[in-house]
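The listed protein sequences derive, respectively, from chains A and B.
FYI, the working numbering numbers position 40 of the first sequence as 40, with every residue one higher than the one before it.
FYI, the working numbering numbers position 139 of the second sequence as 139, with every residue one higher than the one before it.
Quick caveat, the hints were computed from the structure, so don't treat them as lab data.
As the structure is a prediction and not an experimental result, all values here were calculated from the model.
Do not rely on the hints blindly, as some may be mistaken.
Where chains are identical, the list cannot tell them apart; a pair therefore holds if satisfied intra-copy or between any two copies.
Here are the simulated lysine to any residue pairs, SDA-like style, with alpha carbons at most 20 angstroms apart [claimed, not checked]: (1) K54 with D22; (2) K46 with E112; (3) K35 with I121; (4) K3 with S43; (5) K14 with M103; (6) K46 with E90; (7) K69 with A104; (8) K69 with T130; (9) K54 with Q77; (10) K46 with E111; (11) K54 with T110; (12) K54 with H25; (13) K3 with P125.
Protein chains: 2
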Amino acid sequence: MDKMIAGIEMTPLKHIRGDAGDIFHIMRSDAAGFKGFGEVYISTVKPGNRKGWKRHTKMTLNLVVPFGKIRFVLYEQQTGIFQEVVLSPEDYHRLTVPPGIWMAFQNEGTEESFLINFASIPHDPTEAETLQLDNTVIPYAWS
Amino acid sequence: MDKMIAGIEMTPLKHIRGDAGDIFHIMRSDAAGFKGFGEVYISTVKPGNRKGWKRHTKMTLNLVVPFGKIRFVLYEQQTGIFQEVVLSPEDYHRLTVPPGIWMAFQNEGTEESFLINFASIPHDPTEAETLQLDNTVIPYAWS
Numbered sequence: 001m002d003k004m005i006a007g008i009e010m011t012p013l014k015h016i017r018g019d020a021g022d023i024f025h026i027m028r029s030d031a032a033g034f035k036g037f038g039e040v041y042i043s044t045v046k047p048g049n050r051k052g053w054k055r056h057t058k059m060t061l062n063l064v065v066p067f068g069k070i071r072f073v074l075y076e077q078q079t080g081i082f083q084e085v086v087l088s089p090e091d092y093h094r095l096t097v098p099p100g101i102w103m104a105f106q107n108e109g110t111e112e113s114f115l116i117n118f119a120s121i122p123h124d125p126t127e128a129e130t131l132q133l134d135n136t137v138i139p140y141a142w143s
Numbered sequence: 001m002d003k004m005i006a007g008i009e010m011t012p013l014k015h016i017r018g019d020a021g022d023i024f025h026i027m028r029s030d031a032a033g034f035k036g037f038g039e040v041y042i043s044t045v046k047p048g049n050r051k052g053w054k055r056h057t058k059m060t061l062n063l064v065v066p067f068g069k070i071r072f073v074l075y076e077q078q079t080g081i082f083q084e085v086v087l088s089p090e091d092y093h094r095l096t097v098p099p100g101i102w103m104a105f106q107n108e109g110t111e112e113s114f115l116i117n118f119a120s121i122p123h124d125p126t127e128a129e130t131l132q133l134d135n136t137v138i139p140y141a142w143s
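Bound conformation, chain A alone (with noise of 0.2 angstroms):
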């Protein structure tokens, strides 16, 4: 990717390891990137699957990889920019979307792997578009 699309943001998050078990960190109200909360939420996606496509015009996305390993392939329509971001308990960040960006993902692990995703706004169905993996419009190769 030679490109960003402007707007994206990785912000690095605590991972604390403990003898019984890890603390993940994911948002607070007095963190940088907060905009607002509307829902939280868990999204799976199981080995050799994908979801999407996907383009919010209002919501905000702040996702999060706490088990497995996803990729997210971003899309920006009006520049024709791609972006792509691997997360995972081993590189533990927070990937910030704004709306107007196109968005799927795939699991590239060998377990179902969760994302959390915490929105700006609550889930409406009439602020999002959606297309087929395999369309016209977005001229992606999976892979």
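Here the structure of chain A is known, so what remains is to put chain B in place on it, guided by the hints.
This is chain B only, laid out in the frame that chain A set:
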């Protein structure tokens, strides 16, 4: 358990299964049980391990277990009431714990289990008390 601790709530949440992966609801800003957002984080507990005890003076906890199986033990010191709750993806609920209740938890499964705490205030070590798992204050026999 004959008695219940006042203020402990169990809210059924949607777990929507799909071919490519699942969706687990956690919290919405317009949910009946929403008491404000301060921080959201994950705490994991390894097989055969426990974490606790902790009692918050200000934080309301909202706990879900999307992976694994965890037994929560809640103790109201004033009344001497214990209450136990087991959460897992197979019995997907949000457990709400108000301030003032001692809590500890134990992995009940064979894999590392994950809880997500959607908390009403950000982490603040000065508003929580802790006790070791074995102590002389809380008369609980772990099994």
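**Asked** Using 20 angstroms as the alpha-carbon threshold, which applies to K46 and E112: within, between, both, or neither?
**Response** Close inside one copy (4 angstroms) and across copies (18 angstroms); limit 20 angstroms.
*asked:* If the cut is 20 angstroms between Cα atoms, do K3 and P125 qualify within a copy, between copies, both or neither?
replied: Classified as neither; 30 angstroms inside a copy, 42 angstroms across copies.
- Query: Given identical chains, is K46 near E90, meaning Cα to Cα at most 20 angstroms, within a copy, between copies, both, or neither?
  - Reply: Close inside one copy (19 angstroms) and across copies (17 angstroms); limit 20 angstroms.
query = Which holds for K35 with I121 at a C-alpha limit of 20 angstroms: within a copy, between copies, both or neither?
reply = Result: close both inside a copy and across copies, 9 angstroms intra and 16 angstroms inter.
My question is about K14 and M103: at a cut-off of 20 angstroms on alpha-carbon distance, are they close within one copy, between copies, both, or neither?
neither (25 angstroms within a copy, 24 angstroms between copies)
Check K3 against S43 for me: Cα-Cα at most 20 angstroms, and say if that holds within a copy, between copies, both or neither. For K3 and S43, the Cα distance exceeds 20 angstroms both inside one copy (28 angstroms) and across copies (36 angstroms).
### Message
One pair to classify: K54 and D22, alpha carbons no more than 20 angstroms apart. Within, between, both, or neither?
### Response
between (32 angstroms within a copy, 16 angstroms between copies)
Which holds for K54 with T110 at a C-alpha limit of 20 angstroms: within a copy, between copies, both or neither? neither (24 angstroms within a copy, 36 angstroms between copies)
Checking K46 and E111: alpha-carbon separation at most 20 angstroms within a copy, between copies, both or neither? both (7 angstroms within a copy, 18 angstroms between copies)
Inset, instruction - At 20 angstroms max between alpha carbons, let me know whether K54 reaches H25 within a copy, between copies, both or neither. - result: between (26 angstroms within a copy, 19 angstroms between copies)
>> Please sort K54 with Q77 into within, between, both or neither, judging by C-alpha distance up to 20 angstroms.
In response: within (12 angstroms within a copy, 49 angstroms between copies)
Check: Which holds for K69 with T130 at a C-alpha limit of 20 angstroms: within a copy, between copies, both or neither?
Finding: neither (23 angstroms within a copy, 34 angstroms between copies)
Hint compliance for this structure: hints 4, 5, 8, 11, 13 are broken, all remaining hints hold.
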